[in-house]
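Sequences listed follow chains A and B, in order.
For reference, each letter of the first sequence is one residue, going 1 to 315 in the numbering used here.
For reference, each letter of the second sequence is one residue, going 1001 to 1261 in the numbering used here.
Since the hints were made in silico from the structure, they are not lab data.
The structure presented is a predicted model; accordingly, all values stated were derived computationally and were not measured.
A hint or two may mislead.
According to the in silico footprint, chain B covers these stretches of chain A (three or more CB under 8 Å from chain B) [claimed, not checked]: (1) 49 to 63; (2) 69 to 75; (3) 102 to 116.
Pair ranges (Cβ atoms, derived) [as the list claims (entries may be wrong)]: (4) B:V1023 / A:G180: 50 to 56 Å; (5) A:E291 / B:A1182: 48 to 54 Å; (6) B:I1177 / A:L132: 23 to 29 Å; (7) B:V1023 / A:A163: 43 to 49 Å.
Positions of the beta carbon are idealized from the N, C-alpha and C atoms, including for glycine.
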Amino acid sequence: MSAIEVSDLRKSFGTVKAVDGVSFTVEAGTVTGYLGPNGAGKTTTLRCLLGLVTPTAGTALVNGRRYADLGHPLTEVGAVLEATGFHPDRTALNHLRIMCTAAGLPLQRAAEALEQVGLADVAGKRVGGFSLGMRQRLGLAAALLGHPKVFILDEPANGLDPAGIQWLRGFLRFLAHEQGAAVLVSSHVLAEVEQTVDNVVIIARGRLVRQGSLAELTSGGQTPIRVRTLDPGRLGPALERAGGEVEPAADGLLRVRGLEAERIGRIVLEEQVVVTELAQERSDLQRVFLELTEGEPVGQTVEQTAGQSEGATVA
Amino acid sequence: MKLIRAELLKLFTTRLWWIMLIVLLGYLAMVLGVVIAFAGMESGGAAPPFPARDTPEFQRIVWGQATGGGILVAVLGVTMMTTEYRYQTITGTFLVTPRRSRVVAAKLGAGVLVGLVFGLAILLLFALAVVPAVLLSGGELLVTDGGIPRIVSGVLATLVLYTLFGIGVGALVRNQIVAIVAVAVWMFVLEPLVNAVPALQPVGRWTPAGAASALTNPQADLGPVSLDYLLPAWAGAAVLLGYALVFAAVASLTTVRRDIT
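In isolation and in its complexed conformation, chain A is listed as follows (with noise of 0.2 Å):
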C-alpha cells in the first residue's frame, strides 16, 4: 500500500475541469515533486486528498483511506495548505494549542514544534504580525504536531527567503530519508524543489504530463549543445561530418548530440561561421517544464496577483 494513492481523480467546478483524470502514488521515504504551472490543479488535488474537497469521480487516498476516514487524522498526515488560515488575533502558540487540544495531543507539543521551525522566540506573539515566510513555518509546525508519516505541501516555499528555501529542502528530505515520511510538495517553480525531490509528477491544466524518478527525467541520455548560426547550411554538415548527430530548429538553431563544445568551437572556427549561441541545453525535465509553463502566462499572473486557489483560476 502507497502511502498516497491519487487513482483517476477528477474534480469539476462548475464546467471547469480543474482535474482531469490524474492518477500516482507517493511512497515512503520519498519526496515528491508535485509540478505544474499555476492553475494547473495542484491545489485541488492536494485538497481533494485532505477531504477538503469533494473529488466529482476517482479516489484520493492516504495510508489507503479516505481522509475523513482516518480516525487522528494528524497523527497520520501533516498538512501545510495556503500561508492565510490564521487568525490574526491569536498567538502562534495559542494557534497550535486549538489544534492540539482538538486532535486530542499533548499541549506540549506546541511549544516543540514551534521550536522544530525556528519559531519558539514569537511563540507569544500574534500571528497577524508575521510575515508570509513565519506563517509558512507556523503552517509546517502545525504539520508536525502529530509526528505523522505522510506529509502534503502545497507551495511550502512561497514566501520563504532564499536561507528559508535551503532550510525547507533540508527539512524535507531530513523527513523522507531520516524518517521514513512520504511527502509530496507542489511547486510551480522547478528550481525550488530539484534538488530536494526524488520523483517528479507534472500536471498541465489538470492532467498529468510526465511521472518518473527524477534520474529518469533528467537523464534519457545525455542533454545535447546549442549552437544558433547564421549559417546552418554550412555549419550543420560540418557538425555531422565530425561525428555529431545534428538536430536542426528554427532561427539557424542546431540542436547537437555527440560532440564537446569544445569540439564544436573548433568545428565553428576551421568554418568560419558566425555563430550567436553556444550552450548545454538544459535539462530535459527543465525543458518539459518550461514549455508548460510558458504556455499558461495568463493564468500565471491571475494567481499570483489574486492569491487564489487553484480551482478558482484555472481557465
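Once you've looked at the hints, dock chain B against the given chain A.
Same frame as chain A, but now just chain B:
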C-alpha cells in the same frame, strides 16, 4: 468534549469576546439607567412608561430587560462560526476534524457555555442596579417569589439560546458581514414589527424574539402593549432551541459540506 474545549479556546484566545462583553454591558447599563430613571414618572398625565420602583412589577420588568443582550450574543454566536471562514482557519479545523458536523456540534456545545457566562455577567450587572434601586425606593426586594426566579432563569435560557441561534445562522450564511447584517435586520426591524402589530402577533410569537419574550414574560400590564399572545415559557424555549438546531442541522447538510478551496 475535547472539541468543545478547542472551540472555547478559539473564542477566548482572541480579543473579540471581551470587546463584545464590554459593549454588551455598556448597552445594558444604558437600558437600566433609562428604565430606573423613568420608573413611575408620570409625564403630562399619561401613564408612566415603567411601573414605580417600589412595585413588584418594576422588578419583573427590569429583570426581563436583560434579554436585550440577546442580539449581541447572537452576533457573537455568528462570529464563532463565520470567523473561521473569514480567516480560513476552517481549513485547519476540518483537517483536525474531517467530520464536519462534529465541528458544528462542538460549536453549539461551546455556545451553551459562552451564553451562560455572558448571561451570568449580565445578571450580575442587573443585580448591582436593581437591588439598590428597589431598596432605596423603600420597596421589598423579590428574590424567590413574585415570578423573579422564572424570569431570571428565562433570561439565562434566552441568552444561551440566542448564542446557539447565532451559531446556526453563521453556519448557514458563511459570509460574516452578511450573517451579522441578516441577524441585525431580523432582530431590530422584522421581529419588533411582527411582535408589535396585533394582526401579525400570531406570527410574531413563533419568531425568536416572540419565543424569547415568552421565557421572560413579566405578566404585567404594559399599557398599550399586551403580551397575552405569547406562547407558554416552555414552548418559547423549545421554539428558540428549534431555530438553532434546525439552522445548524440544515447547515451541516448544505453549506458546511461545501468544498473548502
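Hint check:
1. With a cut-off of 8 Å between beta carbons, the region 49 to 63 of chain A has 5 residues touching chain B; three or more are needed, and the interface restraint holds.
2. Counting residues of the region 69 to 75 of chain A whose CB falls under 8 Å from any CB of chain B gives 3; the rule of at least 3 is met.
3. Chain B is given as covering the region 102 to 116 of chain A, and this holds because 3 residues of the stretch bring a CB closer than 8 Å to a CB of that chain, at least three being needed.
4. At about 53 Å, the beta-carbon gap between B:V1023 and A:G180 stays in the expected band of 50 to 56 Å.
5. Distance hint check: the CB atoms of A:E291 and B:A1182 are about 50 Å apart, consistent with the given range 48 to 54 Å.
6. One distance hint, 23 to 29 Å for the beta-carbon pair B:I1177 and A:L132, holds here, with the actual separation near 26 Å.
7. A beta carbon spacing of about 45 Å between B:V1023 and A:A163 agrees with the range 43 to 49 Å that was offered as a hint.
When held up to the earlier numbered hints, the structure conflicts with none and fits them all.
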